[in-house]
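Asker: Let the sequences and hints guide you as you build the complete structure.
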Amino acid sequence: HPSLLWVQPTYLHQGQQLSAAEAAEKGLKRKAPPVIRLEQIRKITEFISRPPLSAPRNVVVLEQAETMAEAAANALLKTLEEPGKATIILIAPKVESLLSTLVSRCQRIPFYRLDTQAMAQVLTQSLKSEILAQSEVLSLAAGSPGQAIAHAQQLQDIPAQLLQDVTTAPKSLRQSLELARQIDKTLDSEAQLWLVDYLQQSYWQRSRHPGIIQQLEQARHTLLCYAQPRLVWECTLMSIYRSSTQSLTQPQS
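Per my numbering, the very first residue in the sequence shown carries number 89; after that it's consecutive.
Everything labelled a hint here was simulated from the structure, so no lab data went into it. Some hints here could point you the wrong way.
Listed next, the in silico DSS-like pairs over lysine-lysine satisfying Cα-Cα at most 27 angstroms (straight line) [what the hints assert, rightly or not]: (1) Lys131 <-> Lys182; (2) Lys131 <-> Lys259; (3) Lys119 <-> Lys216; (4) Lys259 <-> Lys273; (5) Lys166 <-> Lys114; (6) Lys166 <-> Lys131; (7) Lys273 <-> Lys114; (8) Lys114 <-> Lys131; (9) Lys182 <-> Lys166; (10) Lys119 <-> Lys131.
Answerer: Take a look at the structure:
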């Protein structure tokens with residue numbers, strides 16, 4: 089639609105901005121997660137400066153707005169203050185993931201999760217009822233059928249043997265290092281971040297071990313800070329090995 093601009097996080101490859109889907113089509117292995125860039129904010133400003141062509145207002149949607157770098161977020165502030173004949177929609181998982189200065193210039197519209205019965209109905213109508221048997225995927229989806237379908241697709245994209253190995257606590261430090269090597273070699277940055285979330289759900293449902301969940305949360309934070317992924321996974325999996333070993337050897341009370 090000529091009066092709609094949809095903005096997604098992008099990767100920068102050879103001077104070209106690529107969405108996650110475009111990067112996947114080109115077979116690019118991505119070392120860092122995609123972000124909404126300053127150049128994209130400038131395109132928004134240019135877009136809304138023109139009068140709408142076939143609608144009363146221009147509409148701009150920023151998907152995963154929480155991925156905006158600080159420079160991009162600051163550049164968006166003035167546009168939010170004076171949008172002209174435009175409606176700008178920021179989609180984010182929670183208010184806290186955005187700069188407070190952005191939030192103060194927006195109207196909050198919460199979208200509530202569907203209950204279990206409604207989720208089952210939508211997934212069945214979408215011919216995706218097999219997802220209902222995937223408890224980790226349903227937990228990740230948090231009541232969103234669309235997210236459930238996306239998570240199920242991501243799960244299928246992880247090699248089956250790697251997934252089986254990594255969802256079981258390593259049995260030795262050597263296995264921890266080998267698993268870390270495989271993850272770094274096989275998965276791009278986006279898939280690695282997804283795997284962290286999946287493992288948190290998997291370990292919590294099976295062992296309820298808060299220490300392991302905290303270790304995985306630290307791994308997510310470190311990966312987002314552009315640390316060397318293989319090193320992050322080595323440290324994380326060795327910590328999980330030690331935690332699981334201590335749990336097994338703890339005397340019964």
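Asker: Take the hints in turn and mark each one as holding or not.
Answerer: Tested hints:
Taken as a hint, the lysine 131 and lysine 182 pair is honoured in the structure, with Cα atoms around 25 angstroms apart against an allowance of 27 angstroms. The hinted pair formed by lysine 131 and lysine 259 fails the criterion: a straight-line CA distance of about 51 angstroms is larger than 27 angstroms. Between lysine 119 and lysine 216, the direct Cα distance comes to roughly 31 angstroms. Violation of the 27 angstroms bound is thereby established for this hinted pair. For the hint linking lysine 259 to lysine 273, the alpha-carbon distance of about 21 angstroms falls within 27 angstroms, and the restraint holds.
For the suggested pair lysine 166 and lysine 114, the alpha carbons sit about 35 angstroms apart, so the restraint of at most 27 angstroms is broken. The straight-line distance between the Cα atoms of lysine 166 and lysine 131 is roughly 14 angstroms, inside the 27 angstroms bound, and the hint therefore holds. Using a Cα cut-off of 27 angstroms, the hinted pair lysine 273 and lysine 114 holds, with the two alpha carbons roughly 18 angstroms apart. Straight-line distance between C-alpha atoms of lysine 114 and lysine 131 comes to about 24 angstroms, which keeps the hinted pair within the 27 angstroms bound.
Between the alpha carbons of lysine 182 and lysine 166 the distance comes to roughly 22 angstroms, so the proposed pair stays at or under 27 angstroms and holds. With a C-alpha separation of about 25 angstroms, the suggested pairing of lysine 119 with lysine 131 holds against the 27 angstroms cut-off.
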